[in-house]
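These are the residues of each chain, in order.
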Amino acid sequence: QSVLTQPPSVSEAPRQRVTISCSGSSSNIGNNAVNWYQQLPGKAPKLLIYYDDLLPSGVSDRFSGSKSGTSASLAISGLQSEDEADYYCAAWDDSLNGRVVFGGGTKLTVL
Amino acid sequence: EVQLVESGGGLVQPGGSLRLSCAASGFTFSSYDMHWVRQATGKGLEWVSAIGTAGDTYYPGSVKGRFTISRENAKNSLYLQMNSLRAGDTAVYYCARGLGGSPSSGSAFDIWGQGTMVTVSS
Chain A
34 QSVLTQPPSV
44 SEAPRQRVTI
54 SCSGSSSNIG
64 NNAVNWYQQL
74 PGKAPKLLIY
84 YDDLLPSGVS
94 DRFSGSKSGT
104 SASLAISGLQ
114 SEDEADYYCA
124 AWDDSLNGRV
134 VFGGGTKLTV
144 L
Chain B
5 EVQLVESGGG
15 LVQPGGSLRL
25 SCAASGFTFS
35 SYDMHWVRQA
45 TGKGLEWVSA
55 IGTAGDTYYP
65 GSVKGRFTIS
75 RENAKNSLYL
85 QMNSLRAGDT
95 AVYYCARGLG
105 GSPSSGSAFD
115 IWGQGTMVTV
125 SS
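Protein chains in written order, with my numbering: chain A, 34 to 144; chain B, 5 to 126.
Just so you know, the hints here were simulated from the structure itself, not pulled from any lab data.
Every value quoted in this text rests on a predicted model; they were computed, and no experiment measured them.
Don't take every hint at face value.
Unchecked claim - Pairs of lysine-lysine residues, derived as DSS-like cross-links and limited to a Cα-Cα distance of at most 25 Å, are as follows: (1) Lys47/B <-> Lys140/A; (2) Lys68/B <-> Lys47/B; (3) Lys140/A <-> Lys68/B; (4) Lys140/A <-> Lys76/A; (5) Lys47/B <-> Lys76/A; (6) Lys79/A <-> Lys140/A.
To be verified - Computed footprint of chain A on chain B; a stretch qualifies when at least three of its residues, placed anywhere within it, have a C-beta under 8 Å from a C-beta of chain A: (7) 14-27; (8) 46-58; (9) 104-118.
We treat Cβ as the ideally placed atom computed from N, Cα and C, and that holds for glycine.
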């Protein structure tokens, strides 16, 4: 059971918009930054969004992040087939002497 | 080119030990916090350990007391000493660079290696 909760899967048609939620608590999302990662099949993860809503250089602006209280969201607009991947949220957790916690991951299917 | 390259994975018996290495290049290694993250086949990402620029270390309960993270800035290298290995430790192990300098700053992992496979089996 992951500390951060994500839906196991989401699906949407090309050119549409999809959001992936990430729910946590006051010891993680509520008090620390949220980062999002994209993992294409057979590849290492890639940083997609950092510090809640910042876009790393080279990442498409079709990706955006937001946070409110103890929940965060990743939005992907103008869906493309190449966006089909696993998406993970992560945050620092202040409990148990400090640790990084990940969500269980969300498989995005572009229909 | 900014790069991380892991090595040292392999097959080890339960109860055995293994030392993973991660060679960094293309950036000032000593200025970044570094992490190990693992992924069992078909499963999600699991954070394994972190070391800050000041040498502060962090572990989840699942590996605390069995795994030790260390760094050698003069060699631009990160290590993970894994002892008392169990079948549940079988996974691809990635090293990753943290942006914050200190793990507790909520570092984002902006650079990842390609991973090294660790299999714990008799």
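Now the hints, each set against the structure:
| no. | hint | result |
| --- | --- | --- |
| 1 | Lys47/B <-> Lys140/A | holds (11 Å) |
| 2 | Lys68/B <-> Lys47/B | holds (21 Å) |
| 3 | Lys140/A <-> Lys68/B | violated (30 Å) |
| 4 | Lys140/A <-> Lys76/A | holds (14 Å) |
| 5 | Lys47/B <-> Lys76/A | holds (14 Å) |
| 6 | Lys79/A <-> Lys140/A | holds (15 Å) |
| 7 | 14-27 | violated (count 0) |
| 8 | 46-58 | holds (count 5) |
| 9 | 104-118 | holds (count 11) |
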